[in-house]
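Given next are the chains, with one letter for each unit.
Number of protein chains: 2
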Amino acid sequence: MTEPAPGPTAGQHDHKACVSNALAMASALCQRRGVRLTPLRQRVLELVWRSHVPVGAYEILDRLRVEDGRSAAPPTVYRALEFLMEQKLIHRIESLNAFVGCIDPSRPHAAQYLICRQCGTVTELDDGAVAAAIQEQARRQGFSIDRQSVEVHGTCGHCADPAGAATNHAETATA
Amino acid sequence: MTEPAPGPTAGQHDHKACVSNALAMASALCQRRGVRLTPLRQRVLELVWRSHVPVGAYEILDRLRVEDGRSAAPPTVYRALEFLMEQKLIHRIESLNAFVGCIDPSRPHAAQYLICRQCGTVTELDDGAVAAAIQEQARRQGFSIDRQSVEVHGTCGHCADPAGAATNHAETATA
DNA sequence: TGCCAAAGGAAATAGTATAACACTGCCGCC
DNA sequence: GGCGGCAGTGTTATACTATTTCCTTTGGCA
Chain A
1 MTEPAPGPTA GQHDHKACVS NALAMASALC QRRGVRLTPL RQRVLELVWR
51 SHVPVGAYEI LDRLRVEDGR SAAPPTVYRA LEFLMEQKLI HRIESLNAFV
101 GCIDPSRPHA AQYLICRQCG TVTELDDGAV AAAIQEQARR QGFSIDRQSV
151 EVHGTCGHCA DPAGAATNHA ETATA
Chain B
176 MTEPAPGPTA GQHDHKACVS NALAMASALC QRRGVRLTPL RQRVLELVWR
226 SHVPVGAYEI LDRLRVEDGR SAAPPTVYRA LEFLMEQKLI HRIESLNAFV
276 GCIDPSRPHA AQYLICRQCG TVTELDDGAV AAAIQEQARR QGFSIDRQSV
326 EVHGTCGHCA DPAGAATNHA ETATA
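From first to last, the protein sequence lines stand for chains A and B.
The numbering of the first sequence is the numbering used here, which starts it at 1 and goes up by one.
The numbering of the second sequence is the numbering used here, which starts it at 176 and goes up by one.
Think of the hints as simulated: they come from the structure by calculation, not from any bench.
Among the hints, a few may not be true.
Said to hold, decoys possible - Restraint-style ranges between C-beta atoms, simulated for each label pair: (1) B:Arg245 - A:Asp126: 45 to 51 Å; (2) A:Thr38 - B:Glu257: 40 to 46 Å; (3) A:Glu86 - B:Ser281: 50 to 56 Å.
To be verified - One side of the interface only, derived from the structure: several residues of chain B facing chain A at Cβ under 8 Å: (4) Leu198; (5) Leu212; (6) Thr213; (7) Asp237; (8) Gln312; (9) Arg314; (10) Arg322; (11) Ser324.
Computed from a predicted structure; not experimentally measured.
We put the CB at the ideal spot given by N, CA and C, even for glycine.
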């Protein structure tokens, strides 16, 4: 995988804006929260945002070494990733052991992820109905929720129909 | 972790019956499907069913070596696990890198898992409302689903309230 | 200035998973 | 009976993912 920016469900999508927007939001949020978005953390966040395809920790590590010439070891990356997750700036996709940028870190959310088997792109949703259905089930079991993760694997509209008949979903992930 | 059988949300629960039932169902299903539940595969299934706490591949490996005196290497275990997953006899809990027995392998299902942080027990649900809500969201995105995994971390009724006021959920997982 | 806590560097190791190849036993077939 | 193929397992090596531990640096602050 060397693609720079296969957009959310691919195609026409100004990913540079996507990234700079994410970095700006991150910076503002961290300042407001009184936590430090150090250069390293910011750089790792940028690398995660390189595309909408989840990135592995060791791929980030490679880029830090190769592109930045930085001396780095696994803990360097994992610590940065841990910070970014605490701040909800990124999410971990459990079924891929990889990380993806969060489209709206300011809002607390229990998100769902649609993961395309073909292009690898992850589309983040924040659907109340799904979360509510899960909560209702948990309640019936007397179970109190800390964290819910919903990961759906399949084929995205663009990959299923490259011609483009599926028109209604482009950009929804970045809205 | 050495506990033999912390039941589904713990306590009074005949786990031996749970296991023998699972093994019997597995045997019948495999026969019907014309696939071979070999002694190794059956043994691995039994080890997964040792409790309702998900078991890691390397823990299974240890038990095969120590308890059975069998010469075994990782591929031995992973191949058996892969077979069992294909037959839906077990599930993989992505967020734990571990495996748990399926409570009803005969039915095709998109299950949800409630994972207790304290006792480790996983309760499997099969709620149509959750699956439907996810499908509806996917449809709107033009996304076609292969597989959905819902993993909810939190505290189960027994751990939250050991006194036992939460009474309605015991055994629901095995029903 | 001196202290403290957070952040990051560095080395080692733990934990999880797969690739590649060899061996065996079973089954169908001529 | 001999042969070929295949599923299942054994064996070795290696890849990939993550954490522990200790140390150094940095930045804020009394």
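Do the hints match the structure? See the list:
{"no.": "1", "hint": "B:Arg245 - A:Asp126: 45 to 51 Å", "result": "holds, 48 Å"}
{"no.": "2", "hint": "A:Thr38 - B:Glu257: 40 to 46 Å", "result": "holds, 42 Å"}
{"no.": "3", "hint": "A:Glu86 - B:Ser281: 50 to 56 Å", "result": "violated, 42 Å"}
{"no.": "4", "hint": "Leu198", "result": "violated, 26 Å"}
{"no.": "5", "hint": "Leu212", "result": "violated, 27 Å"}
{"no.": "6", "hint": "Thr213", "result": "violated, 28 Å"}
{"no.": "7", "hint": "Asp237", "result": "violated, 23 Å"}
{"no.": "8", "hint": "Gln312", "result": "holds, 5 Å"}
{"no.": "9", "hint": "Arg314", "result": "violated, 10 Å"}
{"no.": "10", "hint": "Arg322", "result": "holds, 5 Å"}
{"no.": "11", "hint": "Ser324", "result": "holds, 5 Å"}
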